[in-house]
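Residue 292 is where the sequence shown ends in this note's numbering, and the numbering goes up by one at each step.
Calculated directly from the structure, the hints in this document are not laboratory data.
Just to be clear, a hint being listed does not mean it is correct.
Dumping the calculated DSSO-like pairs for lysine-lysine here, alpha-carbon to alpha-carbon at most 27 angstroms [said to hold, decoys possible]:
(1) Lys-42 to Lys-116
(2) Lys-173 to Lys-114
(3) Lys-56 to Lys-42
(4) Lys-116 to Lys-147
(5) Lys-274 to Lys-245
(6) Lys-114 to Lys-274
(7) Lys-147 to Lys-175
(8) Lys-147 to Lys-56
(9) Lys-116 to Lys-56
(10) Lys-147 to Lys-114
(11) Lys-42 to Lys-114
(12) Lys-56 to Lys-274
(13) Lys-147 to Lys-173
(14) Lys-116 to Lys-175
(15) Lys-175 to Lys-114
Every value quoted in this text rests on a predicted model; they were computed, and no experiment measured them.
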Amino acid sequence: MPRLTTTVTLRPDDSIDLHMHTTYSDGRWPAQQVIDFLAREKFNLVAVTDHDRVDKVAEIQALGAAQQLPVLSGVEMSTEWNGPVGNGRMGDMLCYGFDPEHNELVTLTESIAKRKLENTYEINENLRRMGYDFPRQEELLADNGGKLLYQMDNAMLLREHGHVSSWYAGVQKVKEAGFYSVRCDMAETVEAVHRSGGVCLIAHPGRREGGFTFYDTALLDQLRAEIPIDGIEMYHPYHRQDMVKTYIAYVEEHNLLGTTGSDSHFIPGRMPIKHRAEISRRFLERVGVHVE
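Model the full assembly from the supplied sequences, consistent with the hints where possible.
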């Protein structure tokens with residue numbers, strides 16, 4: 001387990017948040033600002049789970065250590081459940097407790113990044129063929145060296161050039177221009193995390209909108225029969241209270257790991273949430289964090 005959290009001891013009422021994003025994926029705040037906020041708000045342990053990014057985990061842990069804020073290694077992997085039952089169903093995986101500098105997720109994340117970058121440039125070319133020009137592209141992407149890095153950079157270019165009136169409209173136009181979701185195989189991801197000493201949990205299983213797969217208990221049973229996931233995210237802002245209760249009971253019945261997270265992107269309505277460490281005791285103990 002990562003050296004920065006194996007000596008951490010929490011009290012049952014200590015505040016944790018195990019799911020959030022920085023500008024290294026689709027969050028709105030850079031990592032330093034995120035850590036500054038969390039330290040100021042006196043969180044006792046957090047996990048930053050940028051989408052498909054393990055290359056920045058050690059850096060973020062070091063930022064936390066500088067402010068005495070333990071940061072558990074984490075990533076949210078974009079995966080799909082293949083096979084006769086899964087049939088390509090979407091299923092984001094929250095992966096924790098791996099060594100940030102020596103793990104088998106690197107190959108998977110590099111493959112995802114390569115395919116996303118290829119699609120980013122395809123989208124940009126298609127938008128130009130559709131008649132949209134971006135004379136300020138280098139200026140607007142100065143933080144990226146003037147280059148496109150992410151698929152949704154194109155949505156920003158559309159909005160900032162006045163081609164669309166909102167971020168949402170830009171996203172819709174990007175989809176029309178050939179955006180596609182890039183995912184890796186769920187079973188392969190879980191195996192890579194387990195070989196790296198970590199654990200894998202289904203992210204926001206009760207989320208229904210936006211094409212997300214809704215994992216009720218019956219579907220979770222089918223998934224677990226095929227892929228050895230370690231648990232599920234019980235608390236999530238998009239989970240109704242009845243589903244939270246259902247997931248808590250499911251975790252207890254099957255002796256699984258359960259986590260609590262805000263899925264914060266640091267925008268209004270999506271800020272970190274202080275959850276009691278006691279709720280995720282079994283998970284925390286599994287990744288080397290002791291709860292008194």
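Against the structure, the hints come out as follows:
Between Lys-42 and Lys-116 the CA atoms are separated by roughly 36 angstroms; this puts the pair beyond 27 angstroms, and the hint is violated. For the hint pairing Lys-173 with Lys-114, the CA-to-CA distance comes to about 22 angstroms; that is within 27 angstroms, so the pair holds. Proximity of Lys-56 to Lys-42 is assessed by CA-CA distance (about 23 angstroms); at most 27 angstroms being required, the pair is judged to hold. For the hint pairing Lys-116 with Lys-147, the CA-to-CA distance comes to about 14 angstroms; that is within 27 angstroms, so the pair holds.
Between Lys-274 and Lys-245 the CA atoms are separated by roughly 18 angstroms; this keeps the pair inside 27 angstroms, and the hint holds. Restraint check for Lys-114 and Lys-274: the C-alpha separation of about 35 angstroms exceeds 27 angstroms, so the hint is violated. Only pairs whose Cα atoms come within 27 angstroms are accepted, and Lys-147 paired with Lys-175 is accepted, the gap being roughly 20 angstroms. This hinted pair checks out: Lys-147 and Lys-56 have alpha carbons roughly 20 angstroms apart, not beyond 27 angstroms.
With a C-alpha separation of about 18 angstroms, the suggested pair Lys-116 and Lys-56 falls inside the 27 angstroms cut-off, and the hint holds. For the suggested pair Lys-147 and Lys-114, the alpha carbons sit about 14 angstroms apart, so the restraint of at most 27 angstroms is met. For the hint pairing Lys-42 with Lys-114, the CA-to-CA distance comes to about 37 angstroms; that exceeds 27 angstroms, so the pair is violated. Distance check on the hinted pair: Lys-56 and Lys-274 sit about 24 angstroms apart at the alpha-carbon level, within 27 angstroms; holds.
Distance restraint check for Lys-147 and Lys-173: the Cα-Cα separation of roughly 20 angstroms lies within the 27 angstroms cut-off, and the hinted pair is therefore satisfied. A threshold of 27 angstroms between alpha carbons decides the hint, and for Lys-116 with Lys-175 the separation of about 13 angstroms falls inside it, so the pair holds. Using a Cα cut-off of 27 angstroms, the hinted pair Lys-175 and Lys-114 holds, with the two alpha carbons roughly 19 angstroms apart.
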